[in-house]
Amino acid sequence: MSRPVLVSAAAQERHGGHGRLAALVGAVVLVLSGLLPWAYSFEALDGMTLPVNPSPLQVMGMVLGLLVILGLLGPRLLPARRGRLTVGWLRAARAAGLGAFVFMLLIVISIAAELGGLVNVEYGGWVALVGALLAFAGTRLVAPGPQSTLYAARTRAWLELLAIVVVMAAALVGIAYALDNDDAGLFVSFLAFAGALLATLSGLGVMAWLSAIAQRRRQVLILAAFVVAFLFPFTQDGSDANMSIATQVIIFAAAALGLNIVVGLAGLLDLGYIAFLGAGAFTAAVLSRSAFATLDWHPPFIVVVLISGLVSATLGLVIGTPTLRVSGDYLAIVTLAFGEIFRITMINLDGEAGPNLTRGSNGIPAIPDLTLGSFSFGRPHELLGIPLGRFSNYYFLLLVVIALIILVFSRLNDSRIGRGWVAIREDEKAAEAMGVNVFGLKLFAFAGGAFLAGVAGAVKAHQDVSVTPDQYVFLQSGFLLAAIVLGGMGTVLGVLVGATLLILLPEKLRFVAEYRLLLFGLTLIVMMRFRPEGLIASKRRQLEFHEDDEELAGRIDDQIQPSAALKGATA
Amino acid sequence: MSTAFQPDAPGLDRGAASDDRAVLVASDVTMRFGGLTAVDSVNFQVNRGEIMGLIGPNGAGKTTFFNCLTGLYQPTSGRVMLNGKLLPPKPRKVVMAGMARTFQNIRLFGNMTALENVMVGRYCRTSAGPFTSIIRGPKFRREEAATRQRAQELLDFVGLGTTTDSLARNLPYGDQRRLEIARALATDPQLLLLDEPTAGMNPQETRQAEELIFKIRDLGLAIVVIEHDMRFIFTLCDRVLCLVQGRTLIEGTPAEVQSDPRVIEAYIGTGPEDAADLEKELEA
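Residue numbers (the working numbering), protein chains in the order written: chain A, 13 to 583; chain B, 257 to 540.
Heads up, a few of these hints could be off.
[What the hints assert, rightly or not] Derived DEER-like restraints, expressed as beta-carbon distance ranges:
| no. | chain 1 | residue 1 | chain 2 | residue 2 | range |
| --- | --- | --- | --- | --- | --- |
| 1 | A | Gln24 | B | Gly393 | 50 to 58 Å |
| 2 | B | Pro345 | A | Phe408 | 50 to 58 Å |
| 3 | B | Lys341 | A | Ala349 | 41 to 49 Å |
| 4 | B | Arg503 | A | Arg543 | 30 to 38 Å |
| 5 | A | Phe486 | B | Gln360 | 38 to 46 Å |
| 6 | B | Gln360 | A | Pro91 | 50 to 58 Å |
[What the hints assert, rightly or not] If you want the footprint, here are the derived chain A segments under chain B, 3+ residues with CB under 8 Å:
| no. | segment |
| --- | --- |
| 7 | 372–386 |
| 8 | 440–448 |
Because the hints were derived from the structure by calculation, they are not lab data.
We put the CB at the ideal spot given by N, CA and C, even for glycine.
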């Protein structure tokens, strides 16, 4: 993989000292500018008009400046020594410099856009922008220095648990803050800040350390993540606006995770996956107590969920059996066609062209809310004095569903079956010659993924209230695939991040919603060029995408050894 | 960990062939592609604890014959019996029947660790399904631990005990060859097919490979080796089969094959000086 080089290594050698000085000055200017007013009116962003009274966004800018300073001074404060772990100070400074510049650019653009023109940017804003530019340009002149080895740090248990708690708390606060504001500029700037922060930590080596902890303390981490997800509705004060988005995110993520078993683990390109979600949704709709349901059998919901999953899995078997014997590209074409066939079939099952099952393009509306005993998902409830709306109820149900899917995903991945899938991805012929049941494993991935989509679809039907064929078009399959490619093939966290971004951005930013196809397309192209393994990649996938990168292979080799040794010691 | 690797060889005494030591019996195997007869009524038998060499000049049909044995091709006529049973026509089923192979150009799973590679070899001898894998039932845990232990034993056996967690693609060339053998052994074979196991090796690595193959033979496995390195094959094998133009030219002990003028002719041509040269080289 080649990254774009702005400044050659030779130039960095020659001008490193100047760069460092310029960056330090720029960063100090950026920090001080937080005490100046940035905009002329309170209307812009979060009100940055008062001197010596920084708004949250201004504080973020100051933090980025401080990070640049910390990164540049780090090597002086804690010089590298033999036996001491290497910290990627300068890499962090470079990331923070870039992040600060992008952040300030977005702030200035947002102020100009929201108040009508660049004149509305106060002198403090310009000072901050210049400071950030200096910090960015200066850090570019500084050589990145050695890779961090923090991941090998042996830390005490309480520190590791504390780190997990801090990360989770930060995630909850960050998400709640981002969703709490309707201001588009603020949302984007905050995303940029969060990205810059993550990049800086990654440069320092903290992210690698955290991911090593995450591997050692998987159970704790997953539990903590679910606690955070569970707490989220309580931060919303009964409002359904954000909870509606959150449930959409989870349904989307659940479907994407199911697809990730097919695409990320088994390595099969499925372009018609949304049809399985649709099959589950239609099954649940037809069996629901809606006045428009075409079947007069209304089993309890848990049975409906199972039937929906089985219907989808059966479809998966029917499609998979003949097509999984052929190689990659053909499968993509067949599944693409299957997605369309599914949609057209649902339109034609309207009582005229075929038997009346789905009421054609009208679909099945007025699907009643779920009830569980005396608990109705449609009515708002109150827990510990905090009101929870309709979407919060579904949100909790969906959390259970996605927890199940994550469980299936990660446990299959780490089993005999998962090893078989990796072997097939690596070398199908060799896998077959070593006794791996290639066809069987592929079919299982295909049908299993379909089953999970069917389950998610059944819940979606009730949450959406109505099910129509045009909800399940090819574009949706494309988005699911985009979430996986963007987030990271074969990882749970990556897909969650990808799904969140893909749903959240269009909801929060009208600009993104209008141009979403263009923007997502561009994003994917950029990703393919610079990071084909996705934002959060599994190590194995990273290796697969960089077959000729020996340095990466060596580094990952180093990273798996200590953790594997540890596993052996505890087992 | 301390227990040495023991081959469990189920079905070894089920062999119903005339010689109950026979593991693989190929009788009258013929393979035609259209008008071309690549392999022409070849008879072939390998016994347990025996190393059989398969040689022949380029285009002699070695690879085609090899593919008939591993289930990639189904012979046009004739039959291949493994442990007294007809060989199934699919590579996967052949492995399950007790025959494992390595590849001429190494085909490891490069992005898996050495241990994982060997564990994949255990796939066909384990049966944990999706359900027990998801709930982590007792069967899954028992089987997973056994798989891991067996894989580690095999790595120790081939001399890779210390590279357990290295990525296969980062291993040196000779180690990759050993790893491939360990992966093949993980399928509990009674017969091991080695396709040019020393291709690209230096003399020292070749000697190590030789020792390893003897060690595997001593476990009671039958071994078939295809090789171009004559010195290697004649020191290693108990018997050698020479194929020329799809037919058996000669089958016998290394000494017999070595001294047969037709073998020399097939490799070098009929020039008397050439033959003398080769003879000299073979004796060296």
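Structure-based check of each hint:
no.	hint	in the structure
1	A/Gln24 to B/Gly393: 50 to 58 Å	holds (56 Å)
2	B/Pro345 to A/Phe408: 50 to 58 Å	holds (53 Å)
3	B/Lys341 to A/Ala349: 41 to 49 Å	holds (42 Å)
4	B/Arg503 to A/Arg543: 30 to 38 Å	violated (57 Å)
5	A/Phe486 to B/Gln360: 38 to 46 Å	holds (44 Å)
6	B/Gln360 to A/Pro91: 50 to 58 Å	holds (53 Å)
7	372–386	violated (count 0)
8	440–448	holds (count 8)
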